[in-house]
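Chemist: Spelled out, the chains give:
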Amino acid sequence: MARYQQRIGMRTYVFDDLAMLMAHASPERSGDHLAGVAADSAEARVAAQLALAELPLARLLEDLVVPYEIDEVTRLIIDNHDAVAFAPVAGLSVGQFREWLLSDHADSTSLAALAPGLTPEMVAAVSKIMRNQDLIAVARKCQVQTRFRGTIGLPGRLSTRLQPNHPTDDASGIAASTLDGLLYGSGDAVIGINPATDNLPQVIRLLQLLDGVIQHYNIPTQSCVLTHVTNTLHAIERGAPVDLVFQSIGGTERTNRSFGIDLALLAEARAAALSLQRGSVFADDGQRGEHVMYFETGQGSALSANGHHGCDQQTIEARAYAVARHFKPLLVNTVVGFIGPEYLYDGKQIIRAGLEDHFCAKLLGLPMGCDICYTNHAEADQNDMDVLLTLLGVAGCSFIMGIPGSDDVMLNYQTTSFHDALYLRRVLGLRPAPEFEAWLENVGLFAVGSGGSQPLAQLPPRFAQLLADTSGNL
Amino acid sequence: MANTPIVIGNPWAELRRHTPARIGLGRAGISLPTAPLLDFQLAHAQARDAVHRSLDAATCAAQLQALGLHTLHAHSAAANRGIYLQRPDLGRRLDAASAAALEPPPNSPRYDLAVVIVDGLSALAVERHAVPFLAALLTALAADNPPWQLSPTVLVQQGRVAIGDEIGETLNADLVLVLIGERPGLSSPDSLGLYLTGSPRPGRTDAERNCISNIRPEGLPYPEAAHRSAWLLRQARSRQLTGVMLKDESSPVASLAGPVSEFSLIGGLLGE
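Sequences listed follow chains G and C, in order. Going by the working numbering, the first sequence opens with residue -11, and the numbers climb by one from there. Going by the working numbering, the second sequence opens with residue 197, and the numbers climb by one from there.
By construction, these hints were calculated from the structure, which means they are not laboratory data. Worth double-checking, as some hints may not be accurate.
Mimicking DMTMM-like on lysine to aspartate or glutamate, the simulated pairs with C-alpha atoms at most 25 Å apart in a straight line are [claimed, not checked]:
1) G:Lys336 <-> C:Asp245
2) C:Lys443 <-> G:Asp186
3) G:Lys336 <-> G:Asp374
4) C:Lys443 <-> C:Glu420
5) C:Lys443 <-> G:Asp158
6) G:Lys336 <-> G:Asp372
7) G:Lys129 <-> G:Asp158
8) G:Lys336 <-> C:Asp285
9) G:Lys316 <-> G:Asp369
10) G:Lys129 <-> G:Asp369
11) G:Lys316 <-> G:Asp199
12) G:Lys336 <-> G:Asp92
Use the sequences and the hints to build the structure in full.
Modeler: Below, the structure written as C-alpha cells:
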C-alpha cells in the first residue's frame, strides 16, 4: 500500500493509501463521517487536498481504490482505458489537470476527445480541489448529445423528465399529471413513471398507457417505467412497448449486486431494447436513435449496501459513471438529495454534491441530468433547490425532473416542478429539445416569444375539447 | 397584453379529483401563484415540525396505562435529533442506561410479543395513532386461544426500527412489533409504520420483517391496519416465521373509495 503525506508547519499528515487520501480530501459531508472515512479536522482536509494536487494523474491508473481482482467495475475502468485519448494530460498532476481544464486548451472538442482517456478516479480527484464555480465552468464546456426520438444535450437546450407518479399507479391520476406536464412544456427527456409496485402486469399496463399517449399525439419523446431491469426484460419478452431500459446503478460490483444486477445483465437488457428498433430515424443523418438506457445514481448508495471498500461516497459515485458510459445511455441522473441527511446533511452538502456529480459525469462523456431534490428530514428547502437549479442551468445540465408542484406524492420527496423548468429556461434563455419544441408550437401550446418559446394562455382546441368531453362525462 | 389576466388559471385543475398531485396550479408569468406557493410552504413546515418534534412520552404512557398496558421508557444511543439524523447506526441501539433498565429479573417468563413504540421520524404519528391503533389491535386479538402473553410495552425516543431487535431479545419475546413514525411526506406528516420481526436479536435484516405502512385515518385506517396485523401476528406465531417468507394474504377489507369517472388522454374515457 502506498502511503501519502503532507507537511503543514510542524505537523506531518500521513494517509495510509489512496482511498484514505481521496476521502480526506473530499469536501465535508455526513455520509463520509458515517462511513468513518472523513478528515477529522479542516486542516487535515486541506492537507489531503494539497497532497492530492501533487499526485500524478497517471498514478491513478496503477494505484486502485478498489482492487482489480475482486471488482468487475474496476476491471471495466482499467480494461477500457484509452491511452491515446489520455495522452494530452498524461504528464500532469491532479493540480495541473485542474488548470488545464479551466484553460482555453479545454473546449468542447478537446474535452470530448479526452473523455475515453479519463477514469472516474481522475475526475473525482480533480473535483475535490475545485470550487463550485470551477465545477460549473468546466462542465459548461462539455457537450454530450444523445438521441432516441429527440436530441438531448444540444447547446442552449434544457430537457425535462415528466414524472407523473401516483401513489397507487391509478391510470386516470397518471394521465392527469401527464397532461399537466405536457401543457407546461415538460417531457422532452422522457415521460418516466416510478411505479408503486414491481408487479409485472402493472408495469406493462403503464408502458402501454404512455406509449398510447406518445403515439396518439405524435410526441417526439420516449417513455420509461422505472422498474428493475429484470422486470423490463420480462416486459420485452411479453411484447410490451419498451423505449428505454431503466436501472439504478452503483460504483462497485458489491453495490450493483445489492441492486440485483451485474454488467452482463445490463448488456443483455440493452441488446433486448435495441432489438425493438423503436427509436426514430433522424432526417439529418439518416441514423436511428439508439441510446436506449436510462440510469440513476446517487452518492451514498454504496455505503448503504456496504459496498464502499473504505472509499468516500463521491469517488464511488463517479465510478458508477464508468458503468453508465459503457452502455451508451440516453439519460443519466443523480438523485442527489433523495438518500437523506445521513449522507448529505443539508442544502450546502446537497448543492455541492449535485455540482460534483454533474461535472464528473459530463467530463466522462455522459448525458448528465440531475434530480434536484430533498427529503423532509434533511436541512434543506425550496430555496436551496432554487440555488442548485440555477447553478446547474448555468453549468449546462442536460435535463432536470418535472413534477406537479414539486411534490412527488408517490415517493414522498420534493423535486423540481414544471414551473421550475420554465423559470430556468426563461432566465437563462434555454430551450427544450428542438424536436419537442417544434411539437409544442405545432400543437399550439407554445409560441415563440421573447427569450424563446413560451406557453400560451389559451388552450388549443384539441386539448380544450378533451377537457370538455371529460367534464361532460361526469 | 392588457387583456391578459395577471394569473393564468388552468381549466384542467378539475382533474385533481383523480390524483393528490398538485396539478393545475396556474401561473403568474411562468411562476407559481401566491396561494399554491404558500400551500406548499405550509405543508413543508408541518412536515419539518413533525421531524423535529420530541415525543410526549408521559402522555403516551398514561394513555397506554388506560388500555391496561404497563410501560417502560427507553432512549437510543443517539443523544439528540441532530445526531439521530446523521447516525442511523446509533438510533438502532439502546443507550447504556436503557439497556440496563430493560434487563428483566432472573426467572422472568418468555413472552409471545413485545410491543415497542418508537418516535422515528415523526413523533406526531406516534402521538396521534399508536394508542388508538393498539386499542383496535388488542380488540382483534382478544379472543385468540391461547391468549397472547404480552411483555411490558416499551416507549423509545430517538429510535429506528431495528432498536426493536435488541429490546425484543432483552425482554425474552418471541415476536417484536415496532410501531414507528415514518418519514413525513408533504401531505402526510403523521404516517405510522408497523414492523413485525420474529426471534428478535441485533443483526436481523429488513428481509426478516413484515411491514404495514401509512397507518392513519387518511391512509390505512385503524380497523384495516389492525385486521392485517392481527393476521400477520397469528401466522407468525403459528408458523414461527416473519419476513419475505410470510406473504400478507389477509382478506382485503372493501375499499372505502367511491367510484370516480376515469380520465384518459386518448379521448376522455379510458378504453380498457
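Chemist: Now tell me if each hint is right for this structure.
Modeler: Verification of the hints:
1. G:Lys336 <-> C:Asp245: Since the Cα atoms of Lys336 of chain G and Asp245 of chain C sit roughly 21 Å apart, the hinted pair holds (cutoff 25 Å).
2. C:Lys443 <-> G:Asp186: Within the cut-off at roughly 15 Å; holds.
3. G:Lys336 <-> G:Asp374: The hint holds at about 12 Å.
4. C:Lys443 <-> C:Glu420: Distance of about 17 Å is within 25 Å: holds.
5. C:Lys443 <-> G:Asp158: Holds, at roughly 24 Å.
6. G:Lys336 <-> G:Asp372: 8 Å, holds
7. G:Lys129 <-> G:Asp158: 42 Å, violated
8. G:Lys336 <-> C:Asp285: Measuring from Cα to Cα gives roughly 23 Å; hence the hint holds.
9. G:Lys316 <-> G:Asp369: The given pair, whose Cα atoms are some 34 Å apart, is violated under the 25 Å limit.
10. G:Lys129 <-> G:Asp369: 30 Å, violated
11. G:Lys316 <-> G:Asp199: 23 Å, holds
12. G:Lys336 <-> G:Asp92: Given pair Lys336 of chain G, Asp92 of chain G is violated - Cα atoms ~30 Å apart, limit 25 Å.
In terms of the numbered hints stated before, the structure departs from hints 7, 9, 10, 12, listed from lowest to highest.
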